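**Student:** Could you put together the complete structure from these sequences and hints?
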Amino acid sequence: MKTSFELRNIESVDDAVIKEFDCGNPAFNVFLSEKAKDWNASGESVTYVFVDADEAKNNAISRIYGFASINALGLLFDNGGRNEYLSCAEIRLFAIARQLRKNHDHTIEWSNILFKTLLQELYSMSTRTIGFKAIFLNANREGYQLYKDNGFEVISEFIAPENDSKIEFEDCTPLLLKINSEIVDKIFFDV
Amino acid sequence: MIQRSSVIIDPKKSKRFVQFLNSSGKNKEFWEDVKKGASAKVDKKELDKLFEK
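The listed protein sequences correspond, in order, to chains A and B. According to numbering that gives the first Met the number 0, the first sequence is numbered sequentially starting from 0. According to numbering that gives the first Met the number 0, the second sequence is numbered sequentially starting from 0.
Just so you know, these hints were derived from the structure itself, not from any lab. Misleading hints may appear alongside valid ones.
Here are the computed distance ranges between Cβ atoms for each label pair [said to hold, decoys possible]: (1) B:S23 to A:S123: 14 to 24 Å; (2) B:F50 to A:A71: 30 to 40 Å; (3) A:V29 to B:K44: 24 to 34 Å; (4) B:F50 to A:D37: 42 to 52 Å; (5) A:N57 to B:R15: 31 to 41 Å; (6) A:D14 to B:L49: 17 to 27 Å; (7) A:S86 to B:K43: 33 to 43 Å; (8) A:A15 to B:S23: 40 to 50 Å; (9) A:A26 to B:L49: 22 to 32 Å.
Since the structure is predicted, the reported quantities are computational estimates derived from the model, not experimental observations. Here a beta-carbon is modelled for each residue, glycine too, at the ideal position from N, C-alpha and C.
**Tutor:** Printed below as a string of structure tokens:
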């Protein structure tokens, strides 16, 4: 039997299922089980979890395969003497279940499937829910190649030094993916 | 965690940043590839096996 992944707001998942999730990083696990819903409520970020599409359809979510926390971000820059603001969605956190990690030596690139699911959702949001022109994230060493393989570009050279204190994680590289607003949205919907 | 809602581009590099923005941006083929990857069907049994304790 085949299935696919879907993103759902963490609010729609039982706490018991959330607590079962393990990405192998204790800080991320604690965030998901103890902080994510509070951050939703305060507007700090909204956390979405990857679930089985069939389970989601039947309101019977029994497992989380990964999660992503998203918030709004602005990139401020000078464009020929005019202050401009590039609206972005920031992927604040992204993690997949340790059972799906690459070192389990299987041929399916689970992280790629989940990340593309996220990208598709963000694209849809950018044109249907809240407008933004780019997706930003701070990549740690572990996730860096996945993001680069999915079209993100390094922008660390452009960032003003005074932003360094705002970077939350050490050894992270700021990356950006610009969404082309001219792309017709129809490709994601059956007409 | 430190909260921030904006990132500032170094004014000395803003011209190059604008050039970077103008030359980057994803096309229709990119997003079709994303859609294809996102809609990949996975074998439920194989998935369940990975989570067996």
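**Student:** What are the numbers of the hints the structure violates, in ascending order?
**Tutor:** 4 and 5
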